[in-house]
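Protein chains in written order, with this note's numbering: chain A, 154 to 486; chain Z, 39 to 455.
A hint or two may mislead.
Here are the simulated lysine-lysine pairs, DSSO-like style, with alpha carbons at most 30 Å apart [what the hints assert, rightly or not]:
| # | chain 1 | residue 1 | chain 2 | residue 2 |
| --- | --- | --- | --- | --- |
| 1 | Z | 452 | A | 448 |
| 2 | A | 400 | Z | 109 |
| 3 | Z | 213 | Z | 201 |
| 4 | Z | 101 | Z | 329 |
| 5 | A | 401 | Z | 109 |
| 6 | Z | 104 | A | 448 |
| 7 | A | 373 | Z | 109 |
| 8 | Z | 224 | Z | 312 |
| 9 | A | 370 | Z | 452 |
| 10 | Z | 455 | A | 448 |
| 11 | A | 448 | Z | 109 |
| 12 | A | 373 | Z | 452 |
| 13 | Z | 91 | Z | 353 |
| 14 | Z | 65 | Z | 104 |
| 15 | Z | 104 | A | 400 |
| 16 | Z | 291 | Z | 213 |
| 17 | Z | 361 | Z | 158 |
| 18 | Z | 455 | A | 414 |
| 19 | Z | 201 | Z | 109 |
| 20 | Z | 75 | Z | 266 |
| 21 | A | 400 | A | 448 |
| 22 | Z | 347 | A | 448 |
| 23 | Z | 266 | Z | 213 |
| 24 | Z | 353 | Z | 328 |
| 25 | Z | 455 | A | 370 |
| 26 | Z | 312 | Z | 329 |
| 27 | A | 448 | A | 208 |
| 28 | Z | 455 | Z | 266 |
| 29 | A | 208 | A | 230 |
| 30 | A | 414 | Z | 452 |
| 31 | Z | 109 | A | 370 |
| 32 | Z | 455 | A | 373 |
| 33 | A | 401 | Z | 104 |
It is worth saying that the hints were derived from the structure and are not from the lab.
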Amino acid sequence: MKKTALLIAALLMIPFLSGISEAANSLYLNNSKIAGRVLVIDGSSYISAESLAEKLRTHVAFFPSSGTVVFNGRHIKDFIKANGVIYISAKEASAAVGGMIKFNSQTRDLYISANPSKASAVSSSNTPIPSAGYSIPSPPSSMVTETSQQPSYGSIGSSSRPSSRFSSIRPSHSDGILRDGLRMPSNATISGVPAPPESPSFKRIHEIQQRGNFSPKSGKNAVFSVTVNDMEEIGSMKNGVSASAGKKYIVLYISQQNISKDPQIYTGKFTLMDEHSRVYDYLEGLSNYWLAILKPGGSNYGYIVFEVPADEHPVYLVLNAMNQPPLSIDLIH
Amino acid sequence: MLKILSMILVCLFASAMLAVPASASEKVNIEMWHAMKAEKNDALESLVNRFMKENPDISVTTKLIKSPDPKMYGNDYACLYRNIIQGLAGGTPPDIAQVYENWTTQFVMIGAVTPFSHFKGADAITQAEINDIFPSFRNACSFNGDMYAMPFNKSIYVMYYNKALFSKLGINPPKTWEEVKAVSKKIYESEGIPGLEFTPSVDIFGNILYTSGGEFIRNGSAVFNDAKGIAAMNYLREMTENNYAAYSYSSYKDFVGGKAGFIIETTSRIGALKNDCKFNYGITFVPGEKKAYLYAGTNLAIFSQDEAKKLASWKLIRFLNRKENNIELAERTGYLPTTLSASESPEYKKFISSNPGYETGIQALKYGVSQPDTAAWESIRGFITDAVMNSLAEGQDAEEAVNAAAEYSNDLLKGFK
C-alpha cells in the first residue's frame with residue numbers, strides 16, 4: 154500500500170522530478186532490521202537520519218545558518234528534508250560510519266554495515282587505525298555492493314551524480330519539499346505550502362554564544378563514559394606556543410571511563426566539531442592526555458588542545474573508538 | 039585412461055608445488071617497530087642485518103616510527119606508543135618493539151607481551167645473562183619476578199659544564215644544589231649569563247627531587263608534593279628569579295653557544311657535544327646530597343602471539359644483548375651499555391678513554407633510578423611539567439603548583455588501579 158502511494162505521489166510529481174522510485178522495503182543495520190524510512194530517488198537511497206543516528210547512538214545535526222547536515226561528524230552534502238525529517242544519502246551515511254551499503258534489488262531491502270572507527274579514521278588525519286579487528290556482517294552475496302570508496306553503485310544510484318547538485322537546496326522552511334521523499338528542483342518556488350515543523354533534535358547551533366562559566370557535559374555509550382569538565386579558549390599555551398594567525402586554542406579538560414566489562418586497549422580518538430561541521434584533530438604535542446589501556450572501571454584524565462579559527466565555536470566533542478558508534482558530547486547545551 | 043593419467047599428473051604437479059616452497063615457508067618473518075633515527079637507526083639496521091646473516095631462517099623488517107609533526111602528533115615515541123596500542127587493539131601488533139617501563143606495565147596487565155621465562159631449553163635465558171644486566175635496568179623490566187623486556191637504548195642524566203669558563207672563574211663543578219646556586223651566582227655576576235639553564239619540565243624538577251632524597255610516586259600515590267618536592271620547586275623559582283638560572287627550550291644550543299655555564303641532560307648528548315662544542319667542556323654527576331640519577335630510554339618487548347615469531351624475536355633480543363653487539367650499539371649511538379660485561383670490557387674501556395664523559399655515565403648507572411612504571415606516568419609527567427611552568431612562568435606559589443599536580447596525579451592513579 155505504501156509502495157502504491159509513493160508511486161502515485163511520484164507520478165504526480167513527474168513535472169518536477171525525474172527518476173523517482175519507490176521506497177525500499179526494509180532497512181537493516183549490521184544485519185538487524187531497524188525502523189526508519191528509506192526513499193529511493195533518481196536511483197539513490199535516502200535514509201531517515203534521525204532513525205539511523207539513534208540506532209548508531211551517534212549525532213545528526215542540521216545547521217540552518219550554513220544549510221548543512223552533519224551526521225556522525227561528517228558533512229552530508231546530499232540530503233533532503235521533508236515534513237521536518239532529514240533524509241540523508243545512504244551512500245554518504247555509509248561513508249560517515251566507515252561501512253558499506255548493499256541493496257537487494259529483489260527484496261528491495263537496504264543493508265548498512267557500520268564501522269564507526271573507520272569513519273573516524275577518514276574524518277581525521279592522525280595515525281592510521283588498523284583495519285583488522287572489526288566484524289562487519291556480510292549480507293547475502295547476491296546483493297549489489299556500494300562502498301564509500303569505490304564508485305560501483307550497481308542499482309543504487311549513479312557514481313556520476315555530482316553531490317553538488319543539491320548544494321543549493323536550502324534546508325529551511327521554503328526548501329520546496331512537498332511530501333515525503335519528493336523533492337522540487339532546487340530553483341523551484343512553491344507557495345502556499347505550510348512550513349513543516351522542525352524536529353527538536355535538529356534545533357542546534359544558531360544560538361551559540363560566548364560562554365562564561367562552563368558546566369560539565371557528559372555522554373556515554375556501551376563502553377565509555379566521557380565528561381568534559383571544563384573548556385577554555387586561549388591564544389597561547391603556557392610553554393609559549395601560540396596559535397597560528399587567525400586561530401585560537403580550545404582546551405578541553407576531559408575524563409574518560411571504561412564502563413564495560415572488558416579492558417579497552419585503544420580508547421579511541423577525540424575530535425572536535427564546530428558549528429560549520431568542520432572536524433578537528435587535537436594537537437597531541439600540546440595536550441596532556443596520554444592514551445592508556447583502561448581496565449573495567451578504569452578512567453583516564455587530562456586535557457586536549459584543538460586549534461580552530463578564531464571566530465569558530467566548538468559544538469561537539471566526538472570520541473571515535475573501535476567497534477563502537479561515535480560518542481558525541483554536546484558542548485553547547 | 040586419459041582421465042586417470044590427467045589425475046596422476048595433477049597429483050604429481052600438486053606434490054611438486056607443495057615441495058618447492060617448503061624451505062621458503064620455514065623462514066620466519068618478524069617486524070620490529072622502533073623510533074631510533076639517523077645514526078641510531080643506522081646502527082640498528084647494521085646489527086639487524088648481521089643478525090639475519092647469522093640466522094638465515096629469520097627475516098627482520100624494521101619499521102621506524104617518526105612523528106610527521108610533533109605539535110600535531112606528539113613526538114616519535116608518542117607515535118610509537120599509539121601505533122602499538124592501535125596495533126594491539128586491531129590484532130596487528132609488531133612482533134617486537136621498543137617500550138618504556140610504564141608502557142610495559144600496561145602490556146603485562148593485558149598479557150600482550152611474552153615473559154622471558156616462556157623460552158625453555160637451549161633458548162632459556164641463563165642466570166649469567168640475567169646477572170649481567172645492570173640491576174636497575176633489570177629491575178625496571180621485571181614484573182612479578184619475571185623479565186618482560188630487555189634494556190636497550192639507555193642514557194642517564196649528567197651535568198655538562200663549561201670547563202673553560204669554570205677555569206677562568208676559578209670555580210669547581212658543583213656537587214650540591216647549594217653549590218649550584220653559589221656557582222651560578224658567580225657566573226651570572228661576572229659573565230651576565232645564567233649558571234644553570236634548563237628546559238622547564240618534569241625532568242629538571244625530578245633531578246633535583248631525586249638527588250635531594252625525594253620521589254615522584256611511592257606506594258601508588260604521588261609524593262612529589264612533600265617537603266622535598268616543594269623545596270625543589272622553590273629552588274627553581276629562586277634560581278630563576280635571581281637570574282642565576284634560566285629556563286628555555288634551547289638550553290643545549292645556548293650551552294654550546296657559550297650562553298650558559300652548565301646544563302643537565304642525558305648522556306645521549308655526549309656524541310653531539312663533541313662536534314657542537316667549541317670550548318673545553320666537562321661532564322660530571324648531577325649535583326645533590328643523594329646519589330640517585332634518573333635514567334631514560336627504552337627496552338625491547340615481544341608482542342607476537344605466534345610461537346615461531348616469538349622465538350625469532352627472542353633470538354634477536356638476545357643477539358642485541360650479546361656483549362659485542364651491546365658495545366657496538368653503545369659506541370655508535372652514544373647510549374650506554376646495558377650489561378656489566380659490555381661496560382667493563384677492554385673494548386668499551388678503550389672507547390671511553392678517547393670519549394670523555396661516558397665513564398661518568400657508567401659510574402652514574404650504579405645509582406641509576408628508573409622513572410615510575412605506572413601506566414599513569416606519561417600524564418603525570420605532563421602535570422608536573424605544567425606545575426613547573428605555572429610556578430616559574432605564571433608565578434604560582436610552589437606549594438600550590440606541586441599540590442595541584444599531585445592532586446591530578448592521584449586522581450589518575452586511582453583511575454588506573
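Results for each hint:
no.	hint	result
1	Z:452 x A:448	holds, 12 Å
2	A:400 x Z:109	holds, 15 Å
3	Z:213 x Z:201	holds, 15 Å
4	Z:101 x Z:329	violated, 37 Å
5	A:401 x Z:109	holds, 15 Å
6	Z:104 x A:448	holds, 29 Å
7	A:373 x Z:109	holds, 29 Å
8	Z:224 x Z:312	holds, 26 Å
9	A:370 x Z:452	holds, 22 Å
10	Z:455 x A:448	holds, 8 Å
11	A:448 x Z:109	holds, 29 Å
12	A:373 x Z:452	holds, 21 Å
13	Z:91 x Z:353	holds, 13 Å
14	Z:65 x Z:104	holds, 29 Å
15	Z:104 x A:400	holds, 27 Å
16	Z:291 x Z:213	holds, 24 Å
17	Z:361 x Z:158	holds, 22 Å
18	Z:455 x A:414	holds, 15 Å
19	Z:201 x Z:109	violated, 36 Å
20	Z:75 x Z:266	violated, 37 Å
21	A:400 x A:448	violated, 37 Å
22	Z:347 x A:448	holds, 28 Å
23	Z:266 x Z:213	holds, 18 Å
24	Z:353 x Z:328	violated, 39 Å
25	Z:455 x A:370	holds, 25 Å
26	Z:312 x Z:329	holds, 26 Å
27	A:448 x A:208	holds, 27 Å
28	Z:455 x Z:266	holds, 26 Å
29	A:208 x A:230	holds, 21 Å
30	A:414 x Z:452	holds, 18 Å
31	Z:109 x A:370	holds, 27 Å
32	Z:455 x A:373	holds, 21 Å
33	A:401 x Z:104	holds, 27 Å
Of the numbered hints listed earlier, those contradicted by the structure are 4, 19, 20, 21, 24.
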